[in-house]
Amino acid sequence: MASLHLNAATTAPSQHTKYPIVTGTSVLGLRYDGGVMVAADTLCSYGSMAKYKDARRIRTVGPATLLGASGEYSDFQSIMDMLEGMEQQNDNFDDGHSTDAQQTHSYLRAVMYQRRSKMNPLWNDLVVAGPNFLGLVDKIGTTYTDNFIATGFGSYLAIPILRKKWRPTMSEGEARGLLEDCLKVLFYRDCRALNRIQIAKVTEEGGAVVSEPYEIETDWSAASFATTKGGLEGDGGW
Amino acid sequence: MHRNMYDTDVTVWSPEGRLLQVEYAMESVKQGSACVGLRSSNYAVIGALKRSVNEMASHQKKIMEIDHHMGVAIAGLTADARSLAKWMRNECLNHKYVYGQPMPSKRLCDDLADKHQRTTQTYVRRPYGVGLLVAAYDEATGPHLFQTCPSGNIYEYYATAIGARSQSAKTYLEKHYETFPESEKDDLIMHALRSLTGCVQGDGELTKENGSIAIVGKDQKFILIENDDLTQYLDRLEVEGGAAEGGDGDAMQE
Amino acid sequence: MTSLPLPPHSSPRPLLTSPLPRSALTHANGIQRLPIHHSEPHSMAVPASFDQQPGADSIDHGVTEAPYERRFSPYDFNGGTTLAISGPDFAVVAGDTRMSTGYEILSRDVSKLHPLTDHCVLASAGCKTDVDQLRSVLDIRSDMYRHNHQKDMKVTSVAQMLGNTLYGRRFFPYYSFNVLAGVDAEGKGAVYSYDAIGSFERTHFSASGSGQSFVVPLLDNVIVHKNRQDEKRELGAEEVVEIVKDAFVTAGERDIYTGDKLEIMVITKDGIQKSTFPLKAD
Numbered sequence: 001m002a003s004l005h006l007n008a009a010t011t012a013p014s015q016h017t018k019y020p021i022v023t024g025t026s027v028l029g030l031r032y033d034g035g036v037m038v039a040a041d042t043l044c045s046y047g048s049m050a051k052y053k054d055a056r057r058i059r060t061v062g063p064a065t066l067l068g069a070s071g072e073y074s075d076f077q078s079i080m081d082m083l084e085g086m087e088q089q090n091d092n093f094d095d096g097h098s099t100d101a102q103q104t105h106s107y108l109r110a111v112m113y114q115r116r117s118k119m120n121p122l123w124n125d126l127v128v129a130g131p132n133f134l135g136l137v138d139k140i141g142t143t144y145t146d147n148f149i150a151t152g153f154g155s156y157l158a159i160p161i162l163r164k165k166w167r168p169t170m171s172e173g174e175a176r177g178l179l180e181d182c183l184k185v186l187f188y189r190d191c192r193a194l195n196r197i198q199i200a201k202v203t204e205e206g207g208a209v210v211s212e213p214y215e216i217e218t219d220w221s222a223a224s225f226a227t228t229k230g231g232l233e234g235d236g237g238w
Numbered sequence: 001m002h003r004n005m006y007d008t009d010v011t012v013w014s015p016e017g018r019l020l021q022v023e024y025a026m027e028s029v030k031q032g033s034a035c036v037g038l039r040s041s042n043y044a045v046i047g048a049l050k051r052s053v054n055e056m057a058s059h060q061k062k063i064m065e066i067d068h069h070m071g072v073a074i075a076g077l078t079a080d081a082r083s084l085a086k087w088m089r090n091e092c093l094n095h096k097y098v099y100g101q102p103m104p105s106k107r108l109c110d111d112l113a114d115k116h117q118r119t120t121q122t123y124v125r126r127p128y129g130v131g132l133l134v135a136a137y138d139e140a141t142g143p144h145l146f147q148t149c150p151s152g153n154i155y156e157y158y159a160t161a162i163g164a165r166s167q168s169a170k171t172y173l174e175k176h177y178e179t180f181p182e183s184e185k186d187d188l189i190m191h192a193l194r195s196l197t198g199c200v201q202g203d204g205e206l207t208k209e210n211g212s213i214a215i216v217g218k219d220q221k222f223i224l225i226e227n228d229d230l231t232q233y234l235d236r237l238e239v240e241g242g243a244a245e246g247g248d249g250d251a252m253q254e
Numbered sequence: 001m002t003s004l005p006l007p008p009h010s011s012p013r014p015l016l017t018s019p020l021p022r023s024a025l026t027h028a029n030g031i032q033r034l035p036i037h038h039s040e041p042h043s044m045a046v047p048a049s050f051d052q053q054p055g056a057d058s059i060d061h062g063v064t065e066a067p068y069e070r071r072f073s074p075y076d077f078n079g080g081t082t083l084a085i086s087g088p089d090f091a092v093v094a095g096d097t098r099m100s101t102g103y104e105i106l107s108r109d110v111s112k113l114h115p116l117t118d119h120c121v122l123a124s125a126g127c128k129t130d131v132d133q134l135r136s137v138l139d140i141r142s143d144m145y146r147h148n149h150q151k152d153m154k155v156t157s158v159a160q161m162l163g164n165t166l167y168g169r170r171f172f173p174y175y176s177f178n179v180l181a182g183v184d185a186e187g188k189g190a191v192y193s194y195d196a197i198g199s200f201e202r203t204h205f206s207a208s209g210s211g212q213s214f215v216v217p218l219l220d221n222v223i224v225h226k227n228r229q230d231e232k233r234e235l236g237a238e239e240v241v242e243i244v245k246d247a248f249v250t251a252g253e254r255d256i257y258t259g260d261k262l263e264i265m266v267i268t269k270d271g272i273q274k275s276t277f278p279l280k281a282d
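Protein chains in written order, with full-length UniProt numbering: chain R, 1 to 238; chain L, 1 to 254; chain W, 1 to 282.
Hints may be right or wrong, so weigh each one.
[As the list claims (entries may be wrong)] Result set (PhoX-like, lysine-lysine): computed pairs, CA atoms no more than 20 Å apart in a straight line:
{"#": "1", "chain 1": "W", "residue 1": "269", "chain 2": "W", "residue 2": "188"}
{"#": "2", "chain 1": "W", "residue 1": "151", "chain 2": "L", "residue 2": "61"}
{"#": "3", "chain 1": "L", "residue 1": "218", "chain 2": "L", "residue 2": "30"}
{"#": "4", "chain 1": "W", "residue 1": "188", "chain 2": "W", "residue 2": "274"}
{"#": "5", "chain 1": "L", "residue 1": "86", "chain 2": "W", "residue 2": "151"}
{"#": "6", "chain 1": "W", "residue 1": "188", "chain 2": "R", "residue 2": "164"}
{"#": "7", "chain 1": "W", "residue 1": "280", "chain 2": "L", "residue 2": "221"}
{"#": "8", "chain 1": "W", "residue 1": "261", "chain 2": "W", "residue 2": "274"}
[As the list claims (entries may be wrong)] Restraint-style ranges between C-beta atoms, simulated for each label pair:
{"#": "9", "chain 1": "L", "residue 1": "139", "chain 2": "W", "residue 2": "148", "range": "25 to 31 Å"}
{"#": "10", "chain 1": "R", "residue 1": "96", "chain 2": "W", "residue 2": "246", "range": "51 to 57 Å"}
{"#": "11", "chain 1": "L", "residue 1": "221", "chain 2": "R", "residue 2": "81", "range": "36 to 42 Å"}
{"#": "12", "chain 1": "L", "residue 1": "83", "chain 2": "W", "residue 2": "115", "range": "40 to 46 Å"}
Source of the hints: derived by calculation from the structure; they are not laboratory data.
Treat the numbers as computed from the prediction; the structure is a model and nothing was measured.
The beta carbon of each residue, even a glycine, is placed where N, CA and C say it ideally should be.
Here chain R stands alone, though its shape is the one from the complex (with noise of 0.2 Å):
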């Protein structure tokens, strides 16, 4: 985790992007019965504070294509545009064609790998995901499909849960539900994660439909968060 530079406003400006500054954290995804499933919270963190409760880091791009991102917001934003006009340009074209989510995974790649050569790279991991497609793009341009993907935090606390209990043949209620326990541990351990949050799905039938952002419920009297280590009254420790 990049540790957030607070000298940058004395240095000179560079139009490079060197290190993020708002950044969401991890977004999961994953294949099931039918379709794709997609999730990540609604927080923008600014260093270590909570500074934006509501950011929606899932999005559409066109009528069957996800897109979610972790890492600097701004820099999705901007993502955001270029696909729209992407998307605006194939309206105009008229011609029926539009950009699916493997033309989109791969159109991502083509420009995080230019931006990252011109060393002023857009700092996003990318999930892309389609009604039989789920993909991965990073900050310099490095790709791959997966049954099930998750990005930051998510890589070491979801990972492991999504290797133990996804199945190819997950029903939609399933997927969500495994999506939602993910989430809900890394809320519990990712200092920089919220139980806001949206889950995303996208099919062959209904396209790509985002939620709106709900709260998971969550349980602290697990043992471990509600006994010192050690058994040792006061000592404030975990």
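Once you have looked at the hints, place chains L and W on chain R.
Below, chains L and W without anything else, positioned relative to chain R:
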């Protein structure tokens, strides 16, 4: 075509409301040797007659591959066509790099038409003196056949022909195009060859030297069929008995 | 926020061991060049951190060092091993399918093999984003070659083109370690070995990537018969494939970046035959 005082600049109108330079460019397409194009619901085929300046010279290439899913047949100035083909190849490669998938053919042809149009409105440029038949297969929308003009117009067809004596081919294709959707690869190729026979100059014949066919379609990358590869189809044509002479297609079966 | 002084090192480790002078190793924009060959020390190879202090540990777990500011690196090390062996009328090329970063496995099924023509395969490990870019560039160049010459490239031409493509980025290299395999115009197996900036050589066999050092000594013995008294025998493609499997099992045992699945391609004049073989996923 007679010269008058309004035909020296593409960007100047004649009092009749015409752009004569553009029309001259359209004429150069009509002087190029014939090209035909047709498609079924799974494949698109283009064919062309190649010319050679004399017996000692090779035949001019008439069909060019643009990408695995697309090719063009050309009538008019070959040099202009080469430059356009190069541009189209480049667009396809760029699109494949950025989007990871083949260029949608309609998208490319619309861009190509715009490229033609710009030359009719821009100072110190001349229109391309070439017409193209573009055969393509898109995974999403199936086979396509487009025709471009120097004027910047673009048309999509089930079947058409351009170039010298192409009217005979058009007549043939008009007579048969309703049967094309169900046609197999070889049937389309034969139709292309039959329609071309009427376009051969004078008492010449369609031979493996001057004939040229290409096909692209479902599970079929663009391939060029020329020279010895063409012989089997020409043999079939001969068996049919010099069918479709003059484009009336009386001896047609199938 | 001032940074604390770095803990003194008993014997200061040189930052770069290249024979080039220090000044030649630093770009005008302050970027230090990456090592150009995978045999150079690990401390130089991964990760590519451009503003690292001399003596700083290359892997910082976030607890042992003074406060630091994370800087952008255009490179990542995604690990993996590739291997190619040539035979009289075939070439066998293989790569594992694990993709990692740091101590994380990103994905278990990402191919390192990339067919460029019907008789030529490129196997690459290293930084995935550069590998992808390199593959795209080579695909485009071989497509243009096909348009211009109406034929597929020969392996010898692909080999030269890869060398030129890599050298074209001499001062911002593709962080990819390549092995090229195919059959040449005479139908003989051909294997080419590269460094990251385009120097190359036709060899009998070549291994590259994170498990290279485990595979090469084994093949020196089994394939090249180095330091052996018994008579050397010509191996068929099937036997070579079995040796390749053993080599990857061996590498997978000791290299954390090698594992999950092995992809093997046998190239002959008739085309490419693909097969897979499971490796340990631990």
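Hints versus structure:
1. W:269 x W:188: holds (8 Å)
2. W:151 x L:61: holds (16 Å)
3. L:218 x L:30: violated (32 Å)
4. W:188 x W:274: holds (19 Å)
5. L:86 x W:151: holds (17 Å)
6. W:188 x R:164: It is violated: about 47 Å lies between the C-alpha atoms, which goes past 20 Å.
7. W:280 x L:221: The given pair, whose Cα atoms are some 39 Å apart, is violated under the 20 Å limit.
8. W:261 x W:274: Within the cut-off at roughly 13 Å; holds.
9. L:139 x W:148: 25 to 31 Å: holds (26 Å)
10. R:96 x W:246: 51 to 57 Å: holds (53 Å)
11. L:221 x R:81: 36 to 42 Å: Once the Cβ atoms are compared, 37 Å apart, the range 36 to 42 Å for residue 81 (chain R) and residue 221 (chain L) holds.
12. L:83 x W:115: 40 to 46 Å: violated (31 Å)
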